[in-house]
Amino acid sequence: DGGITQSPKYLFRKEGQNVTLSCEQNLNHDAMYWYRQDPGQGLRLIYYSQIVNDFQKGDIAEGYSVSREKKESFPLTVTSAQKNPTAFYLCASSPTNPTNEKLFFGSGTQLSVL
Amino acid sequence: GENVGLHLPTLSVQEGDNSIINCAYSNSASDYFIWYKQESGKGPQFIIDIRSNMDKRQGQRVTVLLNKTVKHLSLQIAATQPGDSAVYFCAERGGNNRLAFGKGNQVVVIP
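Chains as they are written, first to last, in the working numbering: chain V, 1 to 114; chain Y, 1 to 111.
Quick caveat, the hints were computed from the structure, so don't treat them as lab data. Quick caveat, the model's predicted, so the values are computed rather than measured. Where hints are given, some of them may not hold.
Unchecked claim - Taking lysine-lysine pairs in the DSS-like style, the calculated list, with each CA pair at most 27 Å apart, reads: (1) Y/Lys-103 - Y/Lys-56; (2) V/Lys-71 - Y/Lys-42; (3) Y/Lys-68 - V/Lys-102; (4) Y/Lys-56 - V/Lys-14; (5) Y/Lys-68 - V/Lys-71; (6) V/Lys-57 - Y/Lys-103; (7) V/Lys-102 - Y/Lys-56; (8) Y/Lys-42 - V/Lys-9; (9) V/Lys-14 - Y/Lys-71; (10) V/Lys-102 - Y/Lys-42; (11) V/Lys-83 - Y/Lys-42.
Claimed, not checked - Coverage of chain Y stretches by chain V, computed from C-beta distances (three or more under 8 Å per stretch; other residues unrestricted): (12) 42–55; (13) 94–104.
For every residue, glycine included, the Cβ atom is placed at its ideal position computed from N, Cα and C.
Here chain Y stands alone, though its shape is the one from the complex (with noise of 0.2 Å):
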């Protein structure tokens, strides 16, 4: 749990940019999608959820966007605060009813 951002792909932004977050799934039949926010030595939060009928989907300060073409799912985050600093990681529910999640990705806040 401490170290739950380890070896991953790192994003660094400026504190009041916007920043985008990537995520590629792998099975095109995949209904549900879903994004974690996971701070060191906490459990993942809920960030936001989409499903496969809808390619858009806004929260506060948050939006998902859902391309089914490329199999690509991406978080904004609008304004990125130094307590947006954390591992952000999705999940898709395929096939056996089951979520499946990626790796994260760790963003940087930079004051």
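In isolation and in its complexed conformation, chain V is listed as follows (with noise of 0.2 Å):
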């Protein structure tokens, strides 16, 4: 059953505290994305990669990190720089060429802070 899974589905962070979102994809995609979504807002692009070890910032990265150790995975790490974390993340796949196209999602985490 192909596709992207983000885990987990609920997470709460306390003051102070980083943590690691999970993504992966089965897909065979070589791009992935990080997206955040506010209530009644469109999404906003964090990080992409279009491919292994490589990865780009994209409109809001600052307090945020990811990494690109391999194909099928695409961490992202919520710092304690982050100030406002709370927000429902989305994990996005597609294939490179052409880039930023058909984008699948996966089925999002809500991050809370306690």
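Now that you have both chains on their own, put them together as the hints suggest.
Structural data, given as structure tokens:
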């Protein structure tokens, strides 16, 4: 059953804590993305990666970090520097060529601050 | 994720009627457009896409229309069903080759 798996579905963060959101895909897609969704807002790009061991900042990268050690995996760490982390986080993937077309999304992780 | 539809424009449609969801885009250089459906607490689901060299594309029960003159995109859903209730949003791919997403429209299907 091909697709994108995000975990956990719900995550709670304490003050000063770093948390990591998992994203795994078995679609053999080269490109992967992390978006943040706030109520009533459009998706905003945090980070993206077009190939293993390479990634670029999106529009709101401050307070976040990523890694791309494997093609299938693109974890996102929300660091303590992110002062407003409460949001719905969406991971997506797409074929590299062409880029940024027909993104397939995971089911999301809702992050809340305790 | 639970409140993705908060404060969004809402379209109420009777079951069986056709729905039209509109999207105004900002970049006249955008070359690709895509529509997604998002149900509460879930990730967006691809519906249909269109390139700027086309003005119409049809899928199963859905049609996307592109009017580049007025920078307008619309999604038509035929014979709307209760399962079509969701937030629908469009995205455009602009000069920086990134997708820019709209805020979305809430569609409520009345049985």
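Structure-based check of all given hints:
1. Y/Lys-103 - Y/Lys-56: holds (23 Å)
2. V/Lys-71 - Y/Lys-42: holds (24 Å)
3. Y/Lys-68 - V/Lys-102: holds (20 Å)
4. Y/Lys-56 - V/Lys-14: Violated - the C-alpha atoms of V/Lys-14 and Y/Lys-56 are around 49 Å apart, more than 27 Å.
5. Y/Lys-68 - V/Lys-71: Distance ~37 Å between Y/Lys-68 and V/Lys-71 Cα, so the pair is violated.
6. V/Lys-57 - Y/Lys-103: Roughly 22 Å between the alpha carbons, so the hint for V/Lys-57 and Y/Lys-103 holds.
7. V/Lys-102 - Y/Lys-56: holds (17 Å)
8. Y/Lys-42 - V/Lys-9: holds (10 Å)
9. V/Lys-14 - Y/Lys-71: violated (44 Å)
10. V/Lys-102 - Y/Lys-42: holds (17 Å)
11. V/Lys-83 - Y/Lys-42: holds (25 Å)
12. 42–55: holds (count 6)
13. 94–104: holds (count 8)
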